[in-house]
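Participant: Chain residues, written in single-letter form:
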Amino acid sequence: MLALVVDDSRAMRSILTRLLTGLGFDVAQAGDGAEALTVLDAGARPDVILVDWNMPVMDGLTFIKNVRAREDLRDISLMMVTTESEQNQIVRALAAGAHEYVIKPFTDEVIAEKLALLGLVAA
Amino acid sequence: MSAIDEFEEAREDLEALLIEVLGSVFSEEAMPVWDDALPPGPIVSSRLAIHDEVDDSYTMVEVRTSAIVARVLASRMLLTADPGPDDLLDAVGELGNIAGGNVKSLLRHSCRLSLPLAEMTDDAAAPDVDGVTVRAAVLGQVVELTVHLAGDIEGLTWPGSASEEVVETPA
Numbered sequence: 007m008l009a010l011v012v013d014d015s016r017a018m019r020s021i022l023t024r025l026l027t028g029l030g031f032d033v034a035q036a037g038d039g040a041e042a043l044t045v046l047d048a049g050a051r052p053d054v055i056l057v058d059w060n061m062p063v064m065d066g067l068t069f070i071k072n073v074r075a076r077e078d079l080r081d082i083s084l085m086m087v088t089t090e091s092e093q094n095q096i097v098r099a100l101a102a103g104a105h106e107y108v109i110k111p112f113t114d115e116v117i118a119e120k121l122a123l124l125g126l127v128a129a
Numbered sequence: 009m010s011a012i013d014e015f016e017e018a019r020e021d022l023e024a025l026l027i028e029v030l031g032s033v034f035s036e037e038a039m040p041v042w043d044d045a046l047p048p049g050p051i052v053s054s055r056l057a058i059h060d061e062v063d064d065s066y067t068m069v070e071v072r073t074s075a076i077v078a079r080v081l082a083s084r085m086l087l088t089a090d091p092g093p094d095d096l097l098d099a100v101g102e103l104g105n106i107a108g109g110n111v112k113s114l115l116r117h118s119c120r121l122s123l124p125l126a127e128m129t130d131d132a133a134a135p136d137v138d139g140v141t142v143r144a145a146v147l148g149q150v151v152e153l154t155v156h157l158a159g160d161i162e163g164l165t166w167p168g169s170a171s172e173e174v175v176e177t178p179a
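Residue numbers (the numbering used here), protein chains in the order written: chain A, 7 to 129; chain B, 9 to 179.
If you are wondering where the hints come from, they were derived from the structure by calculation, not from laboratory data. Every clue listed holds true.
A short, non-exhaustive set of chain A residues, derived as facing chain B with CB atoms under 7 Å:
no. : residue
1   : 21
2   : 60
3   : 64
4   : 92
Derived, one-sided and incomplete: chain A residues facing chain B with beta-carbon distance under 8 Å:
no. : residue
5   : 15
6   : 17
7   : 62
8   : 65
9   : 90
10  : 111
Think of the CB as a built atom: it goes at the ideal place given N, C-alpha and C, for glycine as much as any other residue.
Starting from the given sequences, assemble the full structure and let the hints guide the process.
Facilitator: See below:
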């Protein structure tokens, strides 16, 4: 299985990559939404994308809207991983097409639990 | 209530917030401290702004700690034994981002968060601003969180959400 981690922080990408690798994923990375779209345009088809909200160039919400607008990307699961913790923000992300929402700081168990809810790892 | 009074009223919540964020990010117990200051020597800081579009005000959130703590954080986050200056800035930048998001939830709902700006300086003195500073210790070292009304947001950048447009799919 392939995961794409989209975050402008190298430290956060490193943490998520280590976590996902431990769960059996191959992991690709991108530093913002536009870069992630380039990865997808190059043919990558991750099973899940973990995307931050606040990033330069293209933020996570705009990225999710772009992914959801494309028929060829409809099977990809989207998980927002962000410091934005207000209810209205969660609603916006889910309405845009995010399947799961994780608030930073998170534990490994929370990410694994969300991946299990998406059917990507064993519960 | 003035913004300063509001920050002061939230002091205990800010202390709890800092301890929770440090405990989670470092996977270490963090303790509140009141009298301890940052040690002399290089300081790594992360600052970001929260913009309230209703009254066009900016609340600044600053996280500051010693380069010693920044080095441990970067080493753990990036899995490198010898993190470089950029690694320290990236790690403390993310720490500030997480703290800033939590401060926004606590004090400034429905506002916009800037991207963090991380810097390294030799100035251990607390920022001379009208606001509230809380401190916690992790790994035996002090980490400071300051919240104040911003007079200067120069150098800060904002998430790339200016265009909510969906990018045209390539043929």
